[in-house]
Amino acid sequence: MATVIIPTPLRKFTNNTARLQVKPGTIQDTVQELTLNFPDLKKHLLDENGKIRAYVNIFVGNDDIRDLQQEHTAVQEGAVVSIVPAIAGGSGNGSANAGGAVFTKEELARYNRHIIIPGFGMEAQQKLKAAKVLVIGSGGLGSPVLLYLAAAGVGTIGIVDFDVVDDSNLQRQVLFGVESVGKPKVEAAKKRLEALNPYIQLRLYNTHLNSQNALDILRDYDVIADGTDNFPTRYLVNDAAVLLGKPNVYASIFQFEGQVSVFNYRNAQGQLGPNYRDLYPTPPPPGLVPSCAEGGVLGVLPGIIGSLQALEVIKVITGVGESLSGRFYIFDALNFESRTFTIKAREDNPINGKNPTITALIDYEQFCDMRAVEEKRMKEITAKELYDWQVKGEPYQLIDVREPHEYDIVNIGGTLIPLGTVASHADEIDRDKKVVIHCKMGGRSAKAIQELEEKFGFTNLYNLKGGILAYIDNVQPTLTKY
Amino acid sequence: MIIIDQRTRQLLIEDALNTFPDECCGFLFGREDRDGTRQIIDILIVDNAKAGDKTRRFEISPQDYMTAETHALEHDWLLLGIYHSHPKHPPIPSETDRLSAQPFFSYLIISVMDKDTTELRSWLLDEERQFEEEKIIDYQYT
Chain A
1 MATVIIPTPL RKFTNNTARL QVKPGTIQDT VQELTLNFPD LKKHLLDENG
51 KIRAYVNIFV GNDDIRDLQQ EHTAVQEGAV VSIVPAIAGG SGNGSANAGG
101 AVFTKEELAR YNRHIIIPGF GMEAQQKLKA AKVLVIGSGG LGSPVLLYLA
151 AAGVGTIGIV DFDVVDDSNL QRQVLFGVES VGKPKVEAAK KRLEALNPYI
201 QLRLYNTHLN SQNALDILRD YDVIADGTDN FPTRYLVNDA AVLLGKPNVY
251 ASIFQFEGQV SVFNYRNAQG QLGPNYRDLY PTPPPPGLVP SCAEGGVLGV
301 LPGIIGSLQA LEVIKVITGV GESLSGRFYI FDALNFESRT FTIKAREDNP
351 INGKNPTITA LIDYEQFCDM RAVEEKRMKE ITAKELYDWQ VKGEPYQLID
401 VREPHEYDIV NIGGTLIPLG TVASHADEID RDKKVVIHCK MGGRSAKAIQ
451 ELEEKFGFTN LYNLKGGILA YIDNVQPTLT KY
Chain B
1001 MIIIDQRTRQ LLIEDALNTF PDECCGFLFG REDRDGTRQI IDILIVDNAK
1051 AGDKTRRFEI SPQDYMTAET HALEHDWLLL GIYHSHPKHP PIPSETDRLS
1101 AQPFFSYLII SVMDKDTTEL RSWLLDEERQ FEEEKIIDYQ YT
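Chains A and B, in that order, give the protein sequences. Position 193 (the first sequence) corresponds to 193 in the working numbering; numbering is contiguous. With positions in the second sequence counted from 1, the corresponding number in the working numbering is that position plus 1000.
These are computed hints drawn from the structure, not numbers from a lab. Glycine residues also receive a C-beta, built at the ideal position from the N, C-alpha and C atoms.
Label pairs and their computed distance ranges (CB to CB): (1) B:Asp1116 - A:Arg19: 42 to 48 angstroms; (2) B:Gly1052 - A:Met378: 49 to 55 angstroms; (3) B:Ile1045 - A:Gly299: 53 to 59 angstroms.
All chains should be built: construct the whole structure from the sequences, respecting the hints.
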């Protein structure tokens, strides 16, 4: 007879017997005898086709039958056959394949120029494939970040952006083309990135990142890349990343200057680097630092700085080289000068200093004193209220700030003044009656109102909430939606 | 419930710290009461056999597994489960852990955030192949 050693997890199917006696023969005979005597063993040892399961190893003596004659391997008198379950796991999510990320022939060819770099190689490429990166903002910085991370083969990329593509974005947001204007940025980004690299997963968040959803969205990712253009979101992303213990690769741009750093990064020695609040514990007073929409930005600058941001994301994932953790990089495009400062954790950091005062996400609009300014200004009207005005014959002017090709698809009789041209057509907008401004979903019309109020002092403008889509849904469902 | 004494806890944390930033792994031996309460008597530290990056994955070689089964039989102990560490991650099983998990085994995870911040939690597969937490009882020999 020969002896079969049953592994502990399977003994409940063999009446708690560890060693079973079987007749000599081949492994095939042994397995057949076992499953005949103990039918419950069958589904654990064999797959649907009756083949030995991939995660079950069978040894005769000290030799894996895969190195011998597979299931035809002889089991001689006195032999000891061991059934050995594959034991693996780890904190890394994703493929259960014990060998880490596995590449197809096509992927290996695609990533060849990475794999052949000494010190990068297959190992780094596998880490890229296994990695999940969340890119917050798919605008000026997000464009190069997303293009290069997708091209590099980062396995899972999440994109957060609530905005729609506007023609004025195309001066720097190289992810988009004319055909994307009017479409949600995340959708347009997905189309472009899928065309670039079909071997990666994209997850879209067509939403405002806020204190309610940030932790849930960030939680699933290994690395965060913050390319937002405003302080509330920057502090929100920083605090959420610190609370969740995720590295945050940060970049920002303004006019001719760009900045890059890596925050909240734990190095191979287990030391945690500083975060944004070690640099700026609190935001500057509102209005002191204008956004790009207000202050402008040279279109090529986000291309340079976003590429550096993508570089740091790749270094954080792969562990190759020295990341910018603990350092702050500034690039001045006008003088072509770069400076790198050292930054250190501060004891009075309000989120992870000695006595942290912030232990959960707060209201960042209020924290940055933005809400009072924004909300006081913008008046809104719902589609139902607009319909009431129409029914009652209330005098008003309707302005449509979408693009001509969108207007051709569907319109509700508004005067067409595309967002990029509102300033030069301000004289066509009534000042003595109510003016309702709409776009597809309400984002561009809000920008138009902001511009008209700031530059021309309008006070009679109403934003159609939810845009023409809300109007179609609530008032005229027979119209074409796009 | 799984009972872990001070010395065993110390050995597990030491292995996790010594192996950091890689994942450590090994076996748990002991007894099981009629009510399912498990008591760890000894551990066996083995190499993380994962090829390539070991910071977020572990693998145990079949040879080490056979050694562990033999060790249990020789001492008349039960092979109760597997331990491994999650460097810089919480002691919660990942999807990778779940997909590769064996029934019956306790999966003890040691989280190492830094050298002073470690946490142990134990998990067991249920009938639906989902992990359920197994309460750890600390025990001090007196």
